[in-house]
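So you can see what is in the structure, the chains are spelled out below.
2 protein chains.
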Amino acid sequence: MKIIPSLEVRAQPVEEPGASKTTVRWLISRPEGAPNFAMRLFEVEPGGSTPLHEHPWEHEVYILEGRAEAVAESGPAAVNPGDAILVLPGERHQLRNVGDTVARFLCLIPLPEEE
Amino acid sequence: MKIIPSLEVRAQPVEEPGASKTTVRWLISRPEGAPNFAMRLFEVEPGGSTPLHEHPWEHEVYILEGRAEAVAESGPAAVNPGDAILVLPGERHQLRNVGDTVARFLCLIPLPEEE
Numbered sequence: 001m002k003i004i005p006s007l008e009v010r011a012q013p014v015e016e017p018g019a020s021k022t023t024v025r026w027l028i029s030r031p032e033g034a035p036n037f038a039m040r041l042f043e044v045e046p047g048g049s050t051p052l053h054e055h056p057w058e059h060e061v062y063i064l065e066g067r068a069e070a071v072a073e074s075g076p077a078a079v080n081p082g083d084a085i086l087v088l089p090g091e092r093h094q095l096r097n098v099g100d101t102v103a104r105f106l107c108l109i110p111l112p113e114e115e
Numbered sequence: 001m002k003i004i005p006s007l008e009v010r011a012q013p014v015e016e017p018g019a020s021k022t023t024v025r026w027l028i029s030r031p032e033g034a035p036n037f038a039m040r041l042f043e044v045e046p047g048g049s050t051p052l053h054e055h056p057w058e059h060e061v062y063i064l065e066g067r068a069e070a071v072a073e074s075g076p077a078a079v080n081p082g083d084a085i086l087v088l089p090g091e092r093h094q095l096r097n098v099g100d101t102v103a104r105f106l107c108l109i110p111l112p113e114e115e
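Each protein sequence line maps, in turn, to chains H and F.
Sequential numbering from 1 applies to the first sequence in our numbering.
Sequential numbering from 1 applies to the second sequence in our numbering.
Only chain H is shown next, with the shape it has when bound in the complex:
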């Protein structure tokens, strides 16, 4: 068993085009021994967002803090702390902080098969 205090994990800027004011902490992934999927903690400053993009794997998200919008093909929807979000493989998506405080959410993704 490994216990990983999230604030002790380095916050790395998300530098993908279209991302702004966003960092990611990789809490649990291959280096910790995760066999199948990874847990990341994202923090988005007010006015910031993750990139509007799509990819062939899913996201499982849980909103921890802040006021955000989840943007899908159909447009934006308000999301609040306690909301879980499933983004299916291939779905276009983005998370925007529309509040005055940092927005924090977990985002889990499958890990690629080990070589």
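Read the hints as simulated data drawn from the structure, not as lab findings.
Warning: the hint list may mix true and false statements.
Identical copies go unnamed one by one, so any copy, or any two together, can satisfy a pair.
Unchecked claim - Computed list of lysine to aspartate or glutamate pairs in EDC-like fashion (alpha-carbon distance at most 16 Å, straight line):
id : residue 1 : residue 2
1  : LYS2      : GLU73
2  : LYS21     : GLU8
3  : LYS2      : GLU65
4  : LYS2      : GLU69
Since chain H is already given, all that's left is putting chain F on it; use the hints.
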């Protein structure tokens, strides 16, 4: 994209032997379209615990609220909101609420292969 407010998902008692005062809400799983892993929200009342058990799949846990102990082979360790926990396949484990308020945590597990 599916948005699932966690408190709208039914809390089911955990009835496995050794569990006490614990419920689980399956936020994201096969019925929602999850391809690889499931997100569950556990709530443990003061004095309650999940079963002390082991199984051949991992847990990825994130503590949301409350004061808890994570019990491993080596004994109990305090865990706090913001802590991530990786339980490896085959590791004996338990979470106990040692505080005066409900303890809430997410626990993600791999889904079995679809038949």
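Checked hints:
For the homomeric pair LYS2 and GLU73, the shortest alpha-carbon distance between copies (12 Å) is at most 16 Å, but the shortest distance inside one copy (38 Å) is not. Taking CA atoms no more than 16 Å apart as the test, LYS21 paired with GLU8 passes in neither setting, with 20 Å inside one copy and 31 Å between copies. Proximity of LYS2 and GLU65 under a CA criterion of 16 Å is satisfied in neither setting, with 24 Å inside one chain copy and 19 Å between copies. With identical chains, the CA atoms of LYS2 and GLU69 are at most 16 Å apart between copies only, with a shortest distance of 13 Å across copies and 33 Å within one.
Comparing the model with each numbered hint stated earlier shows that hints 2 and 3 do not hold.
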